[in-house]
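Colleague: Below are the chains, spelled out letter by letter.
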Amino acid sequence: MINFQFLRTSIVKTALSLVAKDPKATFIAGGTNLVDLMKRGVTAPEKLIDINQLPLKQIELKNNILHIGAMVSNSALAENAIVKEKFPLLMLALQSGASAQLRNVATVGGNMMQRTRCGYFYDTTMPCNKRQPGSGCGAIGGYNRMHAIFGTSESCIAVHPSDMCVGLVALDAQVVIAGAKGERKINFIDFHRLAGTTPEKDNNIQKGELIVRLEIPVNNLNKNFHYQKVRDRSSYAFALISVAAALELKDDVISTVRLAMGGVAHKPWRLVAAENFLKGKAATLANFEAAAKIAMEGAKAFGENDFKLKMAPNTIIEALTVAKAKA
Amino acid sequence: MSEIDNNQSGDTRRDFLKKTSLFTALSLTPLTVLKAADNKVDERFAELFEKIPLNLKVNNKAYSLKVEPRVTLLDLLREELDLTGTKKGCDHGQCGACTVHVDGARVNSCLSLAVMNEGKSVTTIEGLAKGEELHPMQAAFIKHDGFQCGYCTPGQIMSAVACVREGHANSKEEIREYMSGNICRCGAYPNIVDAIQEVKEKGTAI
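Chains A and B are the protein sequences, given in the same order.
The first sequence: position 44 = 44 (this note's numbering), numbered continuously.
The second sequence: position 69 = 69 (this note's numbering), numbered continuously.
Bound conformation, chain B alone (with noise of 0.2 angstroms):
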């Protein structure tokens, strides 16, 4: 249960599992958790089980998943949907290499829980080619050598996409200062502002 719409009742289902079915959680409980509960570790077994129903859209597909309130959305995607083009740096909102679109902002996916994404959509590099065709962004990164080892590159990309859909991107100075989410420890910064400055004034839409 991750839904309360009002205030006459605290109790979820969760609680309700907890008051009432605690042997039916222990009975499908391996070892190691049983050996936890010897220790009053947790006395919360049954929510740790508990995976809360998520629906939200990746690239255009709808998903309904179950998750642990735990896994974050960079996780979630990496892990579950087999979308490795996300990638993970830090895992602490310090580099950008996780950068996605959650409907249609630019946000660091490793500091958001999945379950905080219900019926939201979001968008990874994945999404970005239509087929064969590249995205311009994408394009123009390959033309300019905007990368080195390529690490950085999707989160640059999806940051870059929105930093000219923000309308952020109308100067280098300007660039730079609203791609400073996304560090690039090989040092493309010139050429990836180049990229971006490229895509810009070109005025297509993207």
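With the rest of the complex left out, here is chain A (with noise of 0.2 angstroms):
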């Protein structure tokens, strides 16, 4: 690992101006992604501000909505007796991440700006437009079979590797970001990007700024709800398939529904014209399997990825079956 330049603080403004006016510096928070990076050279910042002492690590429920500190450990929100009570889908989307190691020190933060698993974001030696723009995609006609078949563009495939933000963009989140000017809030869904024709961008997060906190209204989607994995092992490997699903049911005719989908695209992948058409209508696996090819339209695969296209839907039933299941 090249070395660098190393700070700490406890103060969120001192932390914002030490990256803000320095184009070579970044926060780390638990590591357990940027460490790894550095040590196989995808990145190689001059200067680590560790920002662990910040007082961010409040779970907190006010006015009906949940407040969760940026620096809260994946396996302290996971654990939280709120959490477990008004989200449990949020503690199944955690609880299916990583291993126990890597969430008692990855941060809610950390989480959401981790990078892609993708193998050429990895490899130094391979072309990656993520990496370093304008060297291509070595996906695209490579080994794809992780990869996207939604929202993709011809310069990137890598989707997005968390399982904890598929449940929060279920879950209408917001996140509260600060900045030199204050603090700004944007819905979790227009947080992540789509790669378009600048992969390196993951997210809308500006150079210098920091989320400091997450903000879920309470819902009544604790009932009916579901986390659904599909992956290699049966456990600590990465969303080839990952669907959220959560219903609110009066006499079986669904009132509310969220649906969104993990290891699809670049970001989290909402659902939202398979949730327009679920809504109001009766809970049936046929209704089910309808939403499911509503929200496949425009899945375009790359080859090792093809059997996506069947079990992404798959999937979405099974979710919704399960969800409905557990009343």
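Using 30 angstroms as the maximum straight-line C-alpha spacing, the simulated DSBU-like pairs for lysine-lysine come out as follows:
1. 39(A) - 66(B)
2. 39(A) - 51(B)
3. 223(A) - 57(A)
Pair ranges (Cβ atoms, derived):
4. 41(A) - 51(B): 17 to 27 angstroms
5. 149(B) - 182(A): 49 to 59 angstroms
6. 84(B) - 231(A): 30 to 40 angstroms
7. 61(B) - 182(A): 44 to 54 angstroms
8. 170(B) - 67(A): 23 to 33 angstroms
For the chain A half of the interface with chain B, some residues (derived, Cβ under 8 angstroms), not all of them:
9. 99
10. 100
11. 101
The set of hints was computed from the structure by calculation and includes no laboratory data.
The beta-carbon is built from N, C-alpha and C at its ideal position, and this holds for glycine as well.
Build the complex: two chains, separate frames, hints provided.
Modeller: Here it is in structure tokens:
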């Protein structure tokens, strides 16, 4: 690992100004992804600002909105009593990600900021537009079994690897971001980007800004919910396909529905058209199948990941079926 | 300098060194680095030699150290403190051989920069036994033959102790799920699960 300067602060403003004024400086939180990327030479920041001392570790329910500090660990969030009771879908998504060791260290903000696990991004001898803009995409026409089927571009077909983020996008979370001019709030669905012609940008946070907390409005989706993750082994593997599903049922009629998918796009993929179809309809297998078909409109595979065109709708149907049966 | 608790000046001791003491640094600099300087490879030499103070406890023993920022907790334990019980497997957070406890929580020491553990208390496999008396989890691994080559075992045992303490050892399925961050290439998994289940069911405080 190339050596770097290391600074530590317990003040948010100081952390912001240290990164804002130095183009080669970056924040480090848990470091479970960043340290790995630095070891492999994928990234080489000259200065790390350690933000583990920042006072951003609270989980609080205020006016029916759950506030989650950006420095809360993935395991602390999954074990939190309010999350278990009111947002069990988020708990399931968190528990299906990484390992117990990694979840103890990885933070909420860091989970959102983690980079893709595309093999071409990690292999510095290979072309990758995300790592080195303009060098080409090795995955298009290459090994692309793990890759995207929605929202792809000619420059990048990588997927965002998070499970937590799939749960959060389904729960209509908001992201609070601090910068030199104060705080701003954006919808979770607008935080991550599609690759387009700028795959080097994973999200819409600006240099010198920092995620400080998440806010999730309380809902009635804590009875009929499921997080279905399909992967190469039964634990500790990234998703081939994952689906977050939550239903609010009145006499088996769907009054509210949330659906989001992971392992399919450059960002957590909310299935808005399928939700609109299901709303007001009976929670039947036939309707779940029709919704899955709608969700797959526009999907495009790249050879090795052709199987996702079948696996994705099947996983949507399975997640909805399990969610419905939970009552 | 690694602590900044005001934002009046972003200048650190390191910046000060860079601005004022370049010649001092150069006079102490080995030839290879001077060559690098000629090639403008790195204008940060003052930093390359600067180690950061680090105070931490390992197995209840206090250490006051100076380490380069890039040193991982794993390398600090093995290379500096001669605690070679903690193993380097993949070195990328994928195998769990390097698992230690930091302030009671199991972590992959290969992905933790040592300097991020200021003021923390680390427990390694060397810190589990009480003298000649094995920790109950160590004894259970031997009884159930929970290993073959033994390379993953220190990480397995540290993870297993945490798994029981966390309350995630209530069934074979739960143990398998919560031990998934520890890979055993010899495939001793069924025996590892048996060992953990026995320690859990005995109910002794560990």
